[in-house]
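Dock chain B against chain A, hints included.
Chains A and B are the protein sequences, given in the same order.
Quick note: the first sequence uses my numbering, first residue 1, plus one each step.
Quick note: the second sequence uses my numbering, first residue 1001, plus one each step.
Take the hints with a grain of salt, since some may be wrong.
Chain A regions said to be covered by chain B (calculated; three or more residues, Cβ under 8 Å) [to be verified]:
#1 198-212
#2 665-671
#3 694-706
Think of the hints as simulated: they come from the structure by calculation, not from any bench.
Glycine residues also receive a C-beta, built at the ideal position from the N, C-alpha and C atoms.
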Amino acid sequence: MDQVKKSIIKKDAFALISGMPVYTDDLAPKDALVIKILRSPHPFARIKNIDVSEALKVKGVELVLTHKDVPRKPITRAGQGYPEPSPYDKFILDEYVRYVGDEVAIVAAEDEFAAEEALKKIKVDYEILEPVLDFEEAECNTSIIHPEKEAFSQFDIGYMPEKNIAASYSMEVGDVDKLIEECEKDPDCVLIKRRYYTQAQAHVMLEPHASFAYIDLHGRLVIVSSTQTPFHVRRQVSMVLDIPIKSIRVIKPRIGGGFGGKQALHGELITALVTWKTKKPSKLVYTRREVFEATYTRHPMRFDITLGAKKDGTLKLIDVEVLSDTGAYGEHALTTLMVAGSKTLPLYNKVEGVRFRGKVVYTNKVPAGAYRGYGAIQGNFVLESAMDELAQELGIDPVDLRLKNVIREGETSPIFKIMGEGREGVEMIVRSCKLEEAIKRVVELSGWKEKRSKSERNGSKVRGLGFAIAMQGSGIANIDMASAILKLNDDGSFNLLVGATDLGTGSDTILAQIAAEELGVSTDDIIVYSSDTDLTPFDTGAYASSTTYVSGNAVRLAAKKMLKLIKEEAAKMLNVSPDEITWDGKVLRAGDKEISLKDLATKLYYTENQKQLVADASFVGPESPPPYAATIAEVEVDTETGKVDVLKYYTVLDIGTPINPNLAKVQVEGATMQGLGMTLYEDVKYSGTGRLLTNNLMYYKIPSRLDVPEIHVEFLESYEPTGPFGAKSVAEIGIDTPPAAVANAIYSAVGVRIRELPITPEKVFSALKGGMKS
Amino acid sequence: MKIRVKINGQDRSFEIDPSEYLLDTLRKNGYMSVKRGCDTGSCGACTVLLDGRPVISCSVLSASVDGHEITTAEGIANQMKEYMHALASEGADQCGFCQPGLLVMIYYLKKMIDKGLIERDKETVRRYLIGNLCRCSGYLPQERAIFRFLGVD
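Isolated chain A, as found in the complex (with noise of 0.2 Å):
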């Protein structure tokens, strides 16, 4: 074991410090067409007529697009295995607009002078229609947002665009109603009955959204994109435009962040269609504004949940009812309901009863999508601060309710079969899970004990410590495949093709170990080539936390293979049976025999038993083993402001083996100050009419480095049988703590209980005012 559990630096770091061209934008050619959107301007609208005459006379403008002149299929973006779990409820252009950034117009030009002088040019007669902007009151509204018939479901979501229900979902295990109404009459349970929201946070990335297209010398069309997904870009580009996936070709070249942002379809669809219809290279590259008005944000959600227990603190029963807001389209809407409650209940696996409900709603804001945490963050806060307010009112400490409670490993819960991503999961036993142990451990670190003892002030300002705990998945069990090919070079170094994406979070250096771990060699002889659907084999994309674990199994089974052809040349090299060779990494021997890799692969290249050593393998998760996370946020409040500073953040995690424990340490680091961004002021605003309020980086403020607090990331010795040398995901844990965490702490500080996020001065202010602890 030296190639795994160890810091290697990335592979591409050099040339992305350095500034090699590597990004979207760089690659596109100099000749490219300049694609521009007109947008709408109106949050719903039908176009009654659209004029392009006078940007068509523009000088050199090549092609203007409308509704009538682009293929009427829905589809959906959301970049999800196929058949997706989203609805089919966009067009690449409709005569109905949605929100305000609704594609209207496409415009391609020579130059982007001249395709913005044409979006000036084209008129549009809009009929505005009465939007949806709230979306407590979007369900059974006389607008209705999704009119046209060919919308559709690939299966059954609880898709209702009658009643503006992009996805609708219920299970329940024991008799929850039942149990409640017990626990009501039993002197010797409590019940508590809480309401929380989440808002809608963007992403972010900072690269902004970009693709271009070419038809190559065979006359296939490729396009170049930050993708996060280009096997699912492929499909749907060929669904929608009815060009065959055989005259496709996508390819992802570095990209810079992603967080989910760039796991739909932004651009690619209409890249494709200008050039697939010129001929003529043309580029796509969002705005800052477009990828804030235009592309996604997380589904903003309200949460109803009770939770009953008994006096000395025994969890019966979990009850969540969601309403989520998913925008103008239904991108990712079932899914990231179903992981609210997928990736938080199974941490109570002991509880009687437990009932998850939920309804997605239309409104005519951006589409929510697929961001780092899905559904989990949301989910997270409100059972994590529920828990808090249970512990209150038992009167024991929010540790030891904990303790008390939660899935310990060799353990199940009913839910991980009951609830999957979309449909049904997967049975599971939890082989690995130091949840405990890192309850435990962040206790220690925090000084928990002593600090909860005492309260600290100074003037005004008044500290305080909170808890919270949080799981996640590793892929999607079942349904997500990823594969992978090892090829032998002539020095004995070995190419790694894989479909997996990396976002820049290494990811390639990560498969890459795992591939130099299993062959016994160096990581510095693995040539990693990733993301190009002509070029490397199949792989659903980077998301759901998928890499390390799902490409990362496949990666193994691939070298296993491959070790396994070495040894057999080598035997025949040697004139020995397979099952004698040794091999140390640089040379095979039996006896006293013995051929080095790089001999033997020179050999088999130009002078015996001459052959190309290939071998490839896929894999499908049986299962998604969740890492797991134990959080103590210390904050200090400022009674006079409101104003809430995170001082020290302390987050132990089981993740199973880290490959690359600096990179799995910068995965938790980031992920938090996302949290924290929007447990503190993310937040995505809109006027009175509509319109997107916070469309820049001036108005949406994401975290500075003078925001930062002491943060301490610590992994527990943990090893999931399942994973590649005992590895579980990271990429999106670290997200799902920072709300209940910080909240609970403000609570313990102050007093007061902010349901509602992000938790701004101004909420803590008021609720001060309303009343403060003794």
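Positioned in the frame of chain A, the structure of chain B alone reads:
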């Protein structure tokens, strides 16, 4: 209109539109290390040196740099190997999109600190870098590397 500039030590002249920004002029002419991350001068990804001082090139009119000297990440990366190694060793490069702009800032800070013109102090360095946003790393691994490289504690 035509402008003459010295970029990374080389004399260049460009035909530009009077309303053009330096970011666009540089990218159009192959200086791809200069990234566009926002439209409002908020993210720092397009940072370059203008006569040795950092500017955000999205907010500088190209016409105004006629006769001046520009330095981009391409021009200084080979002098910054120790820094790049420090950063990569922390896994702090991540998606990399903010890195060339940050590299330019660190190059500048290193010079200024060595000359004694900027204080060798964490809080000072942090404030100089506040305009260089990063969404991947939570800044912590960057700062571990930067402070080590700059000899700041």
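Here is how each hint holds up against the structure:
For the stretch 198-212 of chain A, the assignment as covered by chain B holds, since 6 residues bring a beta-carbon within under 8 Å of that chain's beta-carbons and 3 suffice. Check result for the stretch 665-671 of chain A against chain B: holds, 5 residues qualifying (beta carbon to beta carbon below 8 Å, three or more required). Interface restraint, the stretch 694-706 of chain A with chain B: holds (8 residues with C-beta to C-beta distance below 8 Å; minimum three).
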